[in-house]
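Trainee: Protein chains in written order, with this note's numbering: chain A, 1 to 300; chain B, 1 to 86.
Hints were generated in silico from the structure; no laboratory data involved. Any given hint could be a false lead.
[To be verified] Here are the computed lysine to any residue pairs in the SDA-like style, where the Cα-Cα straight-line distance is at most 25 angstroms: (1) K76(A) <-> I63(B); (2) K154(A) <-> F38(B); (3) K85(A) <-> R29(B); (4) K157(A) <-> A31(B); (5) K83(A) <-> I63(B); (6) K76(A) <-> D62(B); (7) K4(B) <-> N171(A); (8) K64(B) <-> I100(A); (9) K198(A) <-> F38(B); (10) K157(A) <-> G39(B); (11) K195(A) <-> N61(B); (12) K157(A) <-> K64(B); (13) K81(A) <-> L35(B); (14) K154(A) <-> I63(B); (15) K157(A) <-> R54(B); (16) K170(A) <-> L9(B); (17) K198(A) <-> N61(B); (18) K157(A) <-> L44(B); (19) K160(A) <-> D20(B); (20) K17(B) <-> A158(A).
These numbers were taken from a predicted model, which means no experiment stands behind them.
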Amino acid sequence: MIYFFLGKGGVGKTTNAAINALRLSKKSKVLIASTDPAHNLGDVFDISLEHRPINIAENLDACEIDYKRVVEEYLKQITIKIKRKYKYLSAFNLDDSLNILKFSPGVEEDALLRAIWSLVNIDIYENVVIDLPPTGLALRIMALPIINEVWLDKLLKARKKIVDTREALKNISPVFADSSQKDKTNTDEVYNELKKIKEENRLIYSRFSDPKSSSIFIVMNIDKLSYAETLRTLDGLRELEISAKTIIVNRYIEPVADDSLSIMRGIKKSFSNYSIKALPYKEGGIIGIKQLNSAEYFPL
Amino acid sequence: MQLKAFWKLFSSIARNKATDDLYFILAEREAGFALILFGFLVGLPAPPAGITLRLLPFMENDIKRLRIRDESMDDLFGDLARMLMG
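Chain A on its own, in the form it takes in the complex (with noise of 0.2 angstroms):
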């Protein structure tokens, strides 16, 4: 299983997220991974953390993803499939040139969106914690795999018709069946390679969707930006066909001004079909295993 944390910038989505690994790593192999560029996975943990899984407690091991090397690790592929191709280029600076891509809108999203994919596919880990960023690079991330699939299905109808075209051209003009170098529509390259995308596509967001694999949490403190961004959250995952398990209120006070009751009552009212449930306030917060360990949450 994969189990996501989502929420608002320091609302304690890794506190939480540290916490159910710790759980989950008393029955089960567990990989726990910050994917915020802002780590705190290690502070919380109290134990410092690495771009590779290091093991920090019995069937748990972490890390904390460094988004400079994830970009750089992807574009380096990258570079490597063109340099191959393009022979001709190899005299050519083309990893100068390709630099300036890291740079590119989508690039970062993607590029984390594979890491994540590969981190999921560990063979040794029966259960992957992801720390999510905050909701807004979250949720473009979650986002990829729909946005790709409508692309892609485009970009496949598009290339069809390209390979068909050259299929009847063929068969009509003895000059170009000699000239082309592809007889049929399988060699391709890049309607293969867009075939191959789409299936890996299908892959991630069957995987990410499907409540049977993937579990996520929203965690949420008992204030009004938060609360607001928790809604937009739910809509944002509502129409990517993503649904969202459990709320989880943290750092909760019972409530007793105005407002506090205020967005208790919208809470309980509006997150009626999901399990809510609550970490209690812990003054100087939760920090080490012992701590992460003994932090007990109750229903809402």
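Given the structure of chain A, go ahead and fit chain B onto it with the hints provided.
Mentor: Same frame as chain A, but now just chain B:
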């Protein structure tokens, strides 16, 4: 015999015309496809970067054809006339 020769000539002309039409259609479709992928360079909506980057290593011929199209842009009417008049 004359009819046979006439038919052979007619078939050849029709085949050449069909071939020219298909060449034109193919060129348009290939240019269109390359433009979809790289149109962000000229302000068109683009597919997600991930898709474009994954296809980039395989798009050499398509990019070359796009460049050739760009070079013949000032003779679009010549292109069209050639196609229409066979």
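Trainee: If a hint holds in the structure, say so; if it doesn't, say that too.
Mentor: Going down the list of hints, with the structure as the test:
At most 25 angstroms may separate the alpha-carbon atoms for a hinted pair to count; K76(A) and I63(B) meet this at roughly 21 angstroms. Restraint check for K154(A) and F38(B): satisfied, since their Cα atoms lie roughly 15 angstroms apart, inside the 25 angstroms limit. For the hint pairing K85(A) with R29(B), the CA-to-CA distance comes to about 23 angstroms; that is within 25 angstroms, so the pair holds. Taking the CA atoms of K157(A) and A31(B), the gap is about 15 angstroms. The hint holds against a cut of 25 angstroms.
Simply put, K83(A) and I63(B) have alpha-carbon atoms about 16 angstroms apart, close enough for the 25 angstroms limit, and the pair holds. Between the alpha carbons of K76(A) and D62(B) the distance comes to roughly 23 angstroms, so the proposed pair stays at or under 25 angstroms and holds. Straight-line distance between C-alpha atoms of K4(B) and N171(A) comes to about 23 angstroms, which keeps the hinted pair within the 25 angstroms bound. The hinted pair formed by K64(B) and I100(A) meets the criterion: a straight-line CA distance of about 22 angstroms does not exceed 25 angstroms.
Note on K198(A) and F38(B): the hinted pairing holds, with a Cα-Cα distance of about 19 angstroms set against a maximum of 25 angstroms. For a cut-off of 25 angstroms, the pair hint linking K157(A) to G39(B) stands: about 18 angstroms separates their Cα positions. For the hint pairing K195(A) with N61(B), the CA-to-CA distance comes to about 19 angstroms; that is within 25 angstroms, so the pair holds. A C-alpha spacing of about 22 angstroms is found between K157(A) and K64(B), which places the hinted pair at or below 25 angstroms, so the restraint holds.
The hinted pair formed by K81(A) and L35(B) meets the criterion: a straight-line CA distance of about 22 angstroms does not exceed 25 angstroms. The hinted pair formed by K154(A) and I63(B) meets the criterion: a straight-line CA distance of about 19 angstroms does not exceed 25 angstroms. A C-alpha spacing of about 18 angstroms is found between K157(A) and R54(B), which places the hinted pair at or below 25 angstroms, so the restraint holds. Distance restraint check for K170(A) and L9(B): the Cα-Cα separation of roughly 21 angstroms lies within the 25 angstroms cut-off, and the hinted pair is therefore satisfied.
At most 25 angstroms may separate the alpha-carbon atoms for a hinted pair to count; K198(A) and N61(B) meet this at roughly 22 angstroms. Between K157(A) and L44(B), the direct Cα distance comes to roughly 19 angstroms. Compliance with the 25 angstroms bound is thereby established for this hinted pair. At most 25 angstroms may separate the alpha-carbon atoms for a hinted pair to count; K160(A) and D20(B) meet this at roughly 20 angstroms. Using a Cα cut-off of 25 angstroms, the hinted pair K17(B) and A158(A) holds, with the two alpha carbons roughly 24 angstroms apart.
This entry satisfies every hint, going by the numbered hints stated previously.
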